[in-house]
Structure formats: C-alpha cells, structure tokens
Amino acid sequence: MRLTKKDLLGIKDLSVDEINLILETAESFIEVSTREIKKVPTLRGKTVINLFMEPSTRTRTSFEIAGKRLSADTINISASTSSVVKGETLIDTARNLEAMNPDVIVLRHSASGAPHLLARLVKQSIINAGDGAHEHPTQALLDMMTIKARKGRIAGLKVAIVGDIAHSRVARSNIYGLTRMGAQVAVAGPATMLPRAIEQMGVTVHYRIEDAVRGADIIMMLRIQMERENQNVFPSLREYAKYFCLNRKNIRLAKDDVLVMHPGPINRGVEIAPDIADGPASVILEQVTNGVAVRMALLYLLSGGRS
Amino acid sequence: MNAKKVVMDADGIDRSLTRIAYEILEKNRGVEDMVLVGIQTGGVFLAERLKKKISRIEGMDIPMGVLDITLYRDDLRTSNKKPRLGKTDIPFSLDNKKVMLIDDVLFTGRTIRAAMDALIDFGRPKLIQLAVLIDRGHRELPIRADFVGKNLPSSLWEAVTVSLKEKSGRDEVIIEEST
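Chains as they are written, first to last, in this note's numbering: chain W, 1 to 307; chain B, 1001 to 1179.
Derived from the structure by calculation, the hints contain no laboratory data. Each residue gets a CB set at the ideal place from its N, CA and C atoms; glycine is no exception. Heads up, some of the hints might be wrong.
[What the hints assert, rightly or not] Now the stretches of chain B that chain W is said to cover, found in silico as 3 or more residues with beta-carbon under 8 Å: (1) 1039-1048; (2) 1119-1129.
[What the hints assert, rightly or not] Calculated pairs, BS3-like style, for lysine-lysine (alpha carbon to alpha carbon, straight line, at most 30 Å): (3) Lys151/W <-> Lys1004/B; (4) Lys6/W <-> Lys1167/B; (5) Lys68/W <-> Lys39/W; (6) Lys1087/B <-> Lys68/W.
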C-alpha cells in the first residue's frame, strides 16, 4: 500500500486503505516530536511553501513545524504580506511560486476548490489546508488519529458533530472520513446551520444537542464563527450558547468515557463550557499534538521520489 | 533452477546467538552501561533473544530499544516507493552508553550507516558496536560487524532470508537464487 496521489485535496478522494496508511505513518512520527533533537533528515533539500490566504495560527504553525522536523525548508506566505494586496491573482501567484521549484505547496484559501485549481495548474504536490466551506482534510485526519489512539478503533463508534455544520469544512471532511471508516455520525445545530440534504452524506440530523450526544463515544464541537453573528444565522451568541453549548449537564447523556474534541480556536462559553474544554474528557490539545504528526506523514508520503 | 538451501536451522541460530552473547560480555567485560538496540524488524527479535541470554548469564536486566531507520535511508529521493514507516522506541538516554546495534543480515552496510546517524540523533554514545546473525558480504560502505553469527559468502543474485519464529513461525536462514 502506498499513496500514489500527487496531491491531498480532500478526504472524499481517499480510500480506507489510504486513510489507514496515513494514520499509521503518523503514529510512527509521534516519536520524533518527543526526542531531544526533534529532527530527522528525511526531506533534506525539499522546499515546502505554506501559502495561507486566510488567517491561521494552528494549521500554519503545525505545517511549518512538520516540515522543519523533517528537515525540509519551509516558507510561509500570508495574504497580507503577499502580492495579493497588489492585485495578483491566485493563479499568477502559484505560477510564480512554481517557477521557484518548490516540492510541496500547502494552500489555505477562502474559496472552495482553490487547491483543486492549483493542483491542475502546477506540477508540485498540493496539500489542502482548508478551502472555504469545502474540506479541511488534515484536520479530519488528525481527528481520526486522536480517536484511534484513544479508542483503538473508529468503526462502530458514535460520533456527534455539533455546531455550524453548513459553514464548516472540518465537519464535511470528518463526515467523509468517519463514515468511510465505519463510524455512525450524528450532526446537530440550529436549522439555519444545517445544510439541506445533509443526510445524503450518511449522517443522522438533529436539532437539539441532547439528541445528538446521547450515547456518543465522541463529541466534536465546532467553532461558532463570530463573524457570522450579523448574518441572521442565529439571533445572538447568548441564545446560541443557551441551546447548543456543551456543558456539564448535556455531556452526561453521552457515554461515560466520551471524548470531547474541538478543532480550535475555541470560544469559551459559546460552543463549549470552560470546565468541559479543560476537563478530563477533553482531548483538544492532543489533537494539536497529533496534527504535527499527521502533517509530517503527509509531507513524507507525498513529497518527492516520483520518477 | 531455483535452488533453495537452508544454511542455518533453529538450533544453529540459537547456538550462534548464545556464542555472540558470551563474546559481547567477554569483549565488554560485562554489561555495565550497555544498551541493546534492534533494527526493525528482524533485528528487534534477535535483540530480544540476546537480551534474554545476556540477562540470564549476568543476572541483571539490560535496557533494550527499537530503531526504525526508514527516515534516515539514502534512497528516499531516488526510489518512488515510500517504505512503510515502523516504530522507533528508545526510552532511555544514549549519552555515554555502550550501544549494541543488532540486525539480522549485514549486506551493503547502508542500513547500518542510517542506523548510526539515527542513534547519534538520540545522544552521544560512548561507543557503538554491531552484532549480526548473518554477514553476506558485498559492502558498499566501510562498515564491519563486531559480532557475527555466520559469514555467508553469497552472490549478488542470491537472496538471503532470515525467518524468525516471532514473525514467520519458524527459525531458519535460507539462501536462494533470486527471481
């Protein structure tokens, strides 16, 4: 089994075997980050460009650390410091970067499908670090890795995903991945945040958090995108928190050994109560640690050596 | 013609390992500051067996680690097949330790070069010694083993396979024409 793809654009394109290969490779990479010298020479001489056209700390830092621990040269470009502010199009930016011969381009973009466009255009491997409301494959992979590490399996688990499903690329990638790996996924949120026909993705739909988390092995809370407060998706943050915040009370409906996950950044007291985010069921920081390993695995599996 | 020859059976392997255990102790005058590191995957099983033998003779336990050398290979850039990554687990410091590196077959020496680079990333050992079950020759690097179970002259067209109980259910070393 090996990854024969040039790019990682979404979980939708990955088979069960490919997901397992990535997760197993990532598990082996955990050890490198625990060493005193956190570096291996594997990608010496390779160049990884992190092209981030949307704000991000976690994902960008994680990709940068992953590249550096593999001895690749990593370069970060963010929209505000790039020629985008001078009006350059994404395609022109990409062609110029291509002319400098990097090996991998990691792209975060607010437009769904932007990485797919680049993948067709340039010969480098493209890794999707989040495109619009479409996919965020590395987040779903690190989530699956965290679940597998804690529960020993993914198949047969009940997973509740709660929040703004409609605007969440994290939810979409996780739904593709988790259902493919055999988990049962329930989604919940206000009706305005649930896309029409979401059941076609193989999930059950609920309008109350209680119904989704009942009997759950895993609860994934999504970030409420504050910037949408004035888009009439919900009346107020306070009202949202009243009905959809994961708290001490509604978490009791889940299994005793439930894991609480969140892709970050968290809004304390909005989608998750502080004592739950910091509580014993929370694996939020483990997700971050595993994120570096997953990204190392992808850089290793995708970069170079294709002759 | 695909001639297959068993060059070492279970007893032969066991006797070789017993001898290597005594040789290691003789040369190092005991096991003080010694740690064993087995190279994935065959070397790991041999390291476990040597650990048992040495611990039994000396009456004390010696630490053992597991090393996967994939990330240090020199052919990652040229080969289009990404080797599957195994686990590395060295749960102790290597600073000032006598590291006994253990592998099943010594061939070109490239695996051992990668292993030494990896070990040095874990600390500064006092010394590194190498123990192998089979030395089949054809070195491409200036590397030699300190302890050898059996020297097996072979041609480049032959394949040497070490089967171990832990993995394939039986202990034997086979040499055959490779196809």
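Tested hints:
| no. | hint | in the structure |
| --- | --- | --- |
| 1 | 1039-1048 | violated (count 0) |
| 2 | 1119-1129 | holds (count 3) |
| 3 | Lys151/W <-> Lys1004/B | 45 Å, violated |
| 4 | Lys6/W <-> Lys1167/B | 34 Å, violated |
| 5 | Lys68/W <-> Lys39/W | 7 Å, holds |
| 6 | Lys1087/B <-> Lys68/W | 20 Å, holds |
Hints 1, 3, 4 from the list above are not met by this structure, while the remaining hints are.
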